[in-house]
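Q: Sequence:
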Amino acid sequence: MTHHTKFNPNYISICNPASCLSLIFTSLFLSWKRVRGSRRGDFCKEMGENGVVASKLCYPAAAMEVVAAELGHTAGSKLYDDDGRLKRTGTMWTASAHIITAVIGSGVLSLGWAIAQLGWVAGPAVMLLFSFVTYYTSALLADCYRSGDESTGKRNYTYMDAVNANLSGIKVQVCGFLQYANIVGVAIGYTIAASISMLAIKRANCFHVEGHGDPCNISSTPYMIIFGVAEIFFSQIPDFDQISWLSILAAVMSFTYSTIGLGLGVVQVVANGGVKGSLTGISIGVVTPMDKVWRSLQAFGDIAFAYSYSLILIEIQDTIRAPPPSESRVMRRATVVSVAVTTLFYMLCGCTGYAAFGDAAPGNLLTGFGFYEPFWLLDVANAAIVVHLVGAYQVYCQPLFAFVEKWAQQRWPKSWYITKDIDVPLSLSGGGGGGGRCYKLNLFRLTWRSAFVVATTVVSMLLPFFNDVVGFLGAVGFWPLTVYFPVEMYIVQKRIPRWSTRWVCLQLLSLACLAITVASAAGSIAGILSDLKVYKPFATTY
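Once you know that position 19 of the sequence shown is 19 in the UniProt record's numbering, the rest is easy, because the numbers rise by one and skip nothing.
Don't read these hints as lab results, they were simulated from the structure. Glycine included, each C-beta is placed from N, C-alpha and C at the ideal position. Just to be clear, a hint being listed does not mean it is correct.
Unchecked claim - Quick list of in silico lysine-lysine cross-link-like pairs, DSS-like style, CA-CA up to 30 Å:
1. K171 - K406
2. K414 - K440
3. K276 - K292
4. K276 - K171
5. K154 - K171
6. K406 - K440
7. K154 - K533
8. K292 - K78
9. K414 - K154
10. K533 - K202
11. K533 - K87
12. K406 - K420
13. K276 - K494
14. K87 - K440
15. K87 - K414
16. K154 - K406
17. K78 - K533
18. K78 - K154
19. K494 - K154
20. K87 - K292
As the list claims (entries may be wrong) - Now the in silico label distances, taken between C-beta atoms and shown as ranges:
21. K440 - V252: 24 to 34 Å
22. K494 - V380: 24 to 34 Å
23. V336 - A360: 27 to 37 Å
24. K87 - L462: 37 to 47 Å
25. V172 - V504: 46 to 56 Å
26. P289 - A125: 42 to 52 Å
27. V454 - T501: 23 to 33 Å
With the hints as constraints, model all of the structure from the sequences given.
A: Below, the structure written as structure tokens:
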């Protein structure tokens with residue numbers, strides 16, 4: 001069945017940046033197709049008004065596809081999906097790679113410390129609880145990608161689009177603020193983590209040469225600058241669909257350093273001659289009773305941060321190829337795979353770290369120097385962390401980049417600075433045939449994204465507290481973005497009656513997670529305030 005939708009002549013100026021770029025790349029593709037069309041033969045179609053043949057016009061087949069897309073006739077198209085955008089090519093495996101890239105991040109390295117605060121009983125139990133909640137609410141959110149029918153309903157391209165389609169009023173504004181504030185926070189957290197890992201490589205080599213007694217104090221500021229420069233370069237990748245290769249590379253790196261951390265933990269347990277730790281975690285006496293409470297609450301935040309990815313789930317789902325099967329079904333399978341894999345890794349790394357070091361488990365397993373040798377293996381692990389965080393930074397920040405660029409295009413649709421793309425040749429081609437590849441440089445994208453990276457890098461230099469920042473980000477983002485909004489949208493989408501059994505259960509889940517969020521945030525704030533008492537901006541060394 002052919003769908004007829006009215007073509008909007010202002011589409012370029014009001015569309016999502018991803019669709020604008022799709023049209024740009026389509027034009028390049030069609031130019032190539034037209035050149036080939038003269039050799040392969042043209043697609044001919046008789047055209048007339050009201051079914052009367054007027055003339056016989058010949059066009060390349062690809063050109064007919066573009067006309068169809070502009071007019072909304074995209075059913076059965078080989079180039080376009082039902083919304084007129086270039087066909088999506090994502091699968092369950094690419095979606096899983098995106099999720100694993102976002103989830104198995106710096107958070108995995110703090111789990112040994114988190115379990116040390118909670119003990120052998122509460123630690124793994126809390127981790128399993130968060131994994132279940134994350135999977136369940138992600139499945140609810142996946143059902144909100146399309147409004148109405150799961151295969152043919154209107155697509156929601158971003159988390160905010162889904163909120164707009166299902167909720168209204170102040171909820172939409174609050175969600176927008178929280179989502180993008182959380183993305184900024186994650187960017188800061190990843191910059192801190194990456195710089196500490198780069199610094200750890202330098203310190204590991206120093207310890208190997210100078211001995212373990214040397215403090216090897218080094219400032220993290222230069223390494224934050226190096227990471228920021230790398231992110232300025234990678235941030236110029238236009239949209240989500242073009243960073244799947246970076247996500248796959250980052251996912252491989254995450255498995256690399258997690259496996260190394262796991263292996264070193266097992267070796268340490270063997271060297272200790274047994275498993276360290278207790279059922280209730282760090283003992284009163286080692287810390288004060290109040291510190292025990294704050295640390296336990298902060299541990300909840302660290303674990304929540306380790307599972308935080310719901311705020312980019314819709315954007316990941318928008319890369320999946322069109323039905324059948326529906327995108328929501330594919331996304332649910334991808335969520336099962338990715339959450340199961342990450343939980344297994346989290347359990348192994350967290351429990352092994354606690355078993356190896358007990359109450360003395362470092363806040364960052366690979367940079368806290370519970371391990372000193374083999375130093376080269378620590379270098380490999382920390383290098384893998386840096387590569388992974390380069391990719392994870394982009395996976396998280398692309399939705400914010402797209403939001404600001406879409407808003408700017410709507411606000412100033414005729415601005416050359418915002419809408420104009422400049423062709424930058426990527427390769428030289430002979431004969432003037434135009435066969436060389438070009439990068440579409442947008443000046444607004446260049447300046448805005450670069451300014452964002454610079455700003456987050458400067459803030460990271462001011463607040464280089466890995467554990468406390470991670471705990472606070474996890475606490476603040478977990479309840480509203482991972483639980484509350486997905487639950488509220490699902491209730492509206494599925495028209496669940498108020499006070500029905502299902503409605504009450506969903507609300508109880510939301511309230512319980514709210515209580516955890518408030519408590520975790522309080523614990524992390526207490527930790528940050530404690531760190532600030534001895535901190536000197538731009539001068540702190542590790």
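Q: Hints first: check each against the structure and report whether it holds.
A: Verification of the hints:
1. Between K171 and K406 the CA atoms are separated by roughly 21 Å; this keeps the pair inside 30 Å, and the hint holds.
2. Restraint check for K414 and K440: the C-alpha separation of about 18 Å stays at or below 30 Å, so the hint holds.
3. For the proposed pair K276 and K292, the alpha carbon gap of about 18 Å is at most 30 Å, so the pair holds.
4. The straight-line distance between the Cα atoms of K276 and K171 is roughly 47 Å, outside the 30 Å bound, and the hint therefore fails.
5. In summary, the hint linking K154 to K171 is supported, as the alpha carbons are separated by about 21 Å, within the 30 Å threshold.
6. Proposed proximity of K406 and K440 is supported: the alpha carbons are some 17 Å apart, at most 30 Å.
7. Simply put, K154 and K533 have alpha-carbon atoms about 52 Å apart, too far for the 30 Å limit, and the pair is violated.
8. A hinted pair counts as satisfied when its Cα atoms are at most 30 Å apart, and K292 with K78 does not qualify at roughly 60 Å.
9. Proposed proximity of K414 and K154 is supported: the alpha carbons are some 28 Å apart, at most 30 Å.
10. Using a Cα cut-off of 30 Å, the hinted pair K533 and K202 holds, with the two alpha carbons roughly 27 Å apart.
11. The straight-line distance between the Cα atoms of K533 and K87 is roughly 54 Å, outside the 30 Å bound, and the hint therefore fails.
12. Distance restraint check for K406 and K420: the Cα-Cα separation of roughly 14 Å lies within the 30 Å cut-off, and the hinted pair is therefore satisfied.
13. With a C-alpha separation of about 48 Å, the suggested pair K276 and K494 falls outside the 30 Å cut-off, and the hint is violated.
14. Using a Cα cut-off of 30 Å, the hinted pair K87 and K440 holds, with the two alpha carbons roughly 20 Å apart.
15. A C-alpha spacing of about 28 Å is found between K87 and K414, which places the hinted pair at or below 30 Å, so the restraint holds.
16. With a C-alpha separation of about 19 Å, the suggested pairing of K154 with K406 holds against the 30 Å cut-off.
17. Simply put, K78 and K533 have alpha-carbon atoms about 62 Å apart, too far for the 30 Å limit, and the pair is violated.
18. A C-alpha spacing of about 20 Å is found between K78 and K154, which places the hinted pair at or below 30 Å, so the restraint holds.
19. As the CA atoms of K494 and K154 are separated by approximately 15 Å, the hinted pair is consistent with the 30 Å bound.
20. For the hint linking K87 to K292, the alpha-carbon distance of about 53 Å lies beyond 30 Å, and the restraint is violated.
21. Hint check: K440 to V252, Cβ distance near 29 Å, so the stated range 24 to 34 Å holds.
22. Between K494 and V380 the Cβ separation comes to about 48 Å, which falls outside the hinted range of 24 to 34 Å.
23. The beta-carbon spacing between V336 and A360, approximately 36 Å, falls within the hinted interval of 27 to 37 Å.
24. A hinted range of 37 to 47 Å for the beta carbons of K87 and L462 is consistent with their spacing of about 45 Å.
25. For V172 and V504, the hinted distance range of 46 to 56 Å is not satisfied, since their beta carbons lie about 25 Å from each other.
26. A C-beta distance of roughly 22 Å is found between P289 and A125, which places it outside the suggested range of 42 to 52 Å.
27. Range check, V454 to T501: about 51 Å between beta-carbon atoms, so the 23 to 33 Å window is missed.
Consistency note: the structure conflicts with the earlier hints numbered 4, 7, 8, 11, 13, 17, 20, 22, 25, 26, 27.
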